[in-house]
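Keeping their order, the protein sequence lines are chains A and B.
Quick note: this note's numbering has the first sequence finishing at residue 116, numbered continuously throughout.
Quick note: this note's numbering has the second sequence finishing at residue 1094, numbered continuously throughout.
For the record, the hints were derived by calculation from the structure and aren't laboratory data.
The beta-carbon is built from N, C-alpha and C at its ideal position, and this holds for glycine as well.
It is possible that part of the hints are untrue.
Going by beta-carbon spacing under 7 Å, a handful of chain A positions derived as facing chain B [as the list claims (entries may be wrong)]: (1) L48; (2) I93; (3) N103; (4) E104; (5) P109; (6) R112; (7) T114.
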Amino acid sequence: SAVISQKPSRDICQRGTSLTIQCQVDSQVTMMFWYRQQPGQSLTLIATANQGSEATYESGFVIDKFPISRPNLTFSTLTVSNMSPEDSSIYLCSVEETPNEQFFGPGTRLTVL
Amino acid sequence: AQKVTQAQTEISVVEKEDVTLDCVYETRDTTYYLFWYKQPPSGELVFLIRRNSFDEQNEISGRYSWNFQKSTSSFNFTITASQVVDSAVYFCALTGGSYIPTFGRGTSLIVHP
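Kindly produce the complete structure, drawing on both the sequences and the hints.
Written out as structure tokens, the structure reads:
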């Protein structure tokens, strides 16, 4: 399976600031996904990022708050903008290697004070 | 609409006990996939198994086994002779016509020495 890395692995940020999370894959993949996992909760899909097109956001998530870039087939970034304590979560990227099979990165644990 | 129910929020066992994690799903798709993921305290989501809807054979991998029953829409996961390292949150997930998985709320397994 693909090896997925994320940076940073964790961060503590002040409210009102922004953080950009990077996701790097060791092979070319068409579809990359960003998820949020709030404390004690399950995973919620934020958006799907395909190379060369705008990200597709799920209900409840908007581009102004979570801008996403996908400059090539091995890399993507998610920015959490104008953060508040409610944004404290684990953010995970994933890739679809074979149809209907997603593998996840190690996650970025974000705490907003 | 798809739905995955993990009714057990938390399970606590003593090492060497067997434990079964329940997963019940709902879908209108005739072709679908079921997954189990493990999330240790580090936060990474570890893929354990994928099963498609046409393969009802039970699977065994070391101390792990999975029981897929379409008649009851269940895909249960059993750990035999549990170990402390098995302590984690376990998620059951489902994909159908959409590539986007629906996750259950997770079951937290605590294995005491």
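How the hints compare with the structure:
Below 7 Å, beta-carbon pairs count as interface contacts, and L48 of chain A has one with chain B at about 6 Å; its hint therefore holds. The interface hint given for I93 of chain A holds, since its Cβ lies 5 Å from the closest Cβ of chain B, which is under the 7 Å cut-off. The interface hint given for N103 of chain A is met, as the beta carbon of that residue sits about 4 Å from the closest beta carbon of chain B, less than 7 Å. For E104 of chain A, the shortest C-beta to C-beta distance to chain B is roughly 6 Å, which falls under 7 Å, so the interface hint holds.
Residue-level restraint check for P109 of chain A holds (minimum Cβ-Cβ distance to chain B is 4 Å; threshold 7 Å). Proximity of R112 of chain A to chain B holds as hinted, the smallest CB-CB distance being about 6 Å (cut-off 7 Å). Against a cut-off of 7 Å between C-beta atoms, the interface hint on T114 of chain A is violated, since the closest Cβ of chain B lies about 12 Å away.
The structure fails hint 7 only (numbered hints given earlier).
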